[in-house]
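Novice: From just these sequences and the hints, can you work out the full model?
Number of protein chains: 2
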Amino acid sequence: MRRSKEEAAETIRQLIDIARSHFTEHGYAGAALESIVHEAKLTRGAVYHHFRNKKELFRSVLEAVQKEVADRVEREAAASEDVWQQLYLGCRAFVTAAVEERNKRIMLIDGPAILGWEAWRAMDENHSMRLLRGQLETMQRQGVIGPAPLDAMTHFLSGALNETTLWLAHESARTAALEEAMEAVGFFMEGFKRQAERATGKIEPAG
Amino acid sequence: MRRSKEEAAETIRQLIDIARSHFTEHGYAGAALESIVHEAKLTRGAVYHHFRNKKELFRSVLEAVQKEVADRVEREAAASEDVWQQLYLGCRAFVTAAVEERNKRIMLIDGPAILGWEAWRAMDENHSMRLLRGQLETMQRQGVIGPAPLDAMTHFLSGALNETTLWLAHESARTAALEEAMEAVGFFMEGFKRQAERATGKIEPAG
DNA sequence: CCATTTACATACACACTGTATGTATGTTAA
DNA sequence: TTAACATACATACAGTGTGTATGTAAATGG
Numbered sequence: 001m002r003r004s005k006e007e008a009a010e011t012i013r014q015l016i017d018i019a020r021s022h023f024t025e026h027g028y029a030g031a032a033l034e035s036i037v038h039e040a041k042l043t044r045g046a047v048y049h050h051f052r053n054k055k056e057l058f059r060s061v062l063e064a065v066q067k068e069v070a071d072r073v074e075r076e077a078a079a080s081e082d083v084w085q086q087l088y089l090g091c092r093a094f095v096t097a098a099v100e101e102r103n104k105r106i107m108l109i110d111g112p113a114i115l116g117w118e119a120w121r122a123m124d125e126n127h128s129m130r131l132l133r134g135q136l137e138t139m140q141r142q143g144v145i146g147p148a149p150l151d152a153m154t155h156f157l158s159g160a161l162n163e164t165t166l167w168l169a170h171e172s173a174r175t176a177a178l179e180e181a182m183e184a185v186g187f188f189m190e191g192f193k194r195q196a197e198r199a200t201g202k203i204e205p206a207g
Numbered sequence: 001m002r003r004s005k006e007e008a009a010e011t012i013r014q015l016i017d018i019a020r021s022h023f024t025e026h027g028y029a030g031a032a033l034e035s036i037v038h039e040a041k042l043t044r045g046a047v048y049h050h051f052r053n054k055k056e057l058f059r060s061v062l063e064a065v066q067k068e069v070a071d072r073v074e075r076e077a078a079a080s081e082d083v084w085q086q087l088y089l090g091c092r093a094f095v096t097a098a099v100e101e102r103n104k105r106i107m108l109i110d111g112p113a114i115l116g117w118e119a120w121r122a123m124d125e126n127h128s129m130r131l132l133r134g135q136l137e138t139m140q141r142q143g144v145i146g147p148a149p150l151d152a153m154t155h156f157l158s159g160a161l162n163e164t165t166l167w168l169a170h171e172s173a174r175t176a177a178l179e180e181a182m183e184a185v186g187f188f189m190e191g192f193k194r195q196a197e198r199a200t201g202k203i204e205p206a207g
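As they're listed, the protein sequences go chains A and B. Everything in the first sequence is counted per UniProt numbering, starting at 1 for the first residue and increasing by one. Everything in the second sequence is counted per UniProt numbering, starting at 1 for the first residue and increasing by one.
Be careful, since some hints might not be right.
No distinction is drawn between identical chains; accordingly, a pair holds when it is met within one copy or between any pair of copies.
What the hints assert, rightly or not - Straight-line distance between alpha carbons at most 20 Å, and here's what the computed EDC-like set of lysine to aspartate or glutamate pairs gives:
1) Lys193 - Glu81
2) Lys67 - Glu125
3) Lys55 - Asp82
4) Lys55 - Glu6
5) Lys67 - Glu56
6) Lys54 - Glu137
FYI, nobody ran anything at the bench for these hints, they're computed from the structure.
Specialist: Here it is as structure tokens:
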């Protein structure tokens, strides 16, 4: 019953895909490998052949999720040439992509808990967060935002977007929620602008 | 070997306390009830008498953590009479309290994963988040921030503070990190101010 | 075409949760 | 004061799930 190389690659893809749906529906702990492989018409032996353990299977799933979301963010942000608009569009793309059922829980809830915050963050730095930080860096180089601490700002905004995503998922009944959330993003950006204006001496600081 | 009521209450406190340290050190999944009760010189029977299951024990631990953190936030925010300063102090108190080892993981990582985001949020609404939302509401009523969507802003800022906390924990070597993080909070507040000024017609919106 | 590797399946050991039941002591009401 | 009951645990066991060791047949490479 040994399969060829391409068939094995297909098996891996299938396992990741099915695991993703099970993790989405039952969470990491609630998703038994047995029921995952059953759907794939395999046994747990197949999983332990292709992945070191359950956690590594989850990591592969998360990797796929992150890549999907980041791709959407990058594509949609590129629709504008204005750096502010790019940031806005990117944030919007992120929350609308991440809010989807098949992304949300794996990416924002189980991800940090299963892999640990550091490993989760390390993965994120290769995807959405890299884009966000890159954008802020560009804006800073262009002088449209002042000499603020990039890392702190990136994490602040990233965390805000993550929680906003989960809130949006919860508020899915209210269509106005997305606009409200984006308004909050706007406030943050306004703060940037004002700080940039201060740095260039347009207005003086308030008390 | 039956204990009196006060002794039983002491048992519960002790279990929560020891469980908290085990959850902190090994995470929820990695903390075996057996090793928790062993430290308390009890058996798992004691746990299942006082708590429905492991998750309920965790919920009790989280409740204690939330209460501690929220109390500190409330106390430190009350040190000022200026609403902006109160918000700033509250945010600062939150991150410095939440960043502590015995709070961080339980509150920000395992909490949502074990109880689910909704239950976790529901608990949070009775603690730190209630304070945050209340403060924003006060500021809005006083007109120092404009007619912005309160819930969206609250979640945005709350999520930002949570991630900032985890980032700070990771950056614990750099003492400047806290100030950088608070600077990011400041940007957000600047956005509020500007938006409030716009609403009251002090300056006109930019493109 | 033979040796070796690969892709799984099978079987088993182990850890942990949860539940059912037992038991001794505290509590309370007649 | 004591019998009846409730409470605070301990003990024993069943179930579920992960991980590991081993088996096996087919694919791959020389």
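Novice: Of the hints given before, which are not true for this structure?
Specialist: Violated hints (numbers, rising): 3, 4 and 6; every other hint is consistent with the structure.
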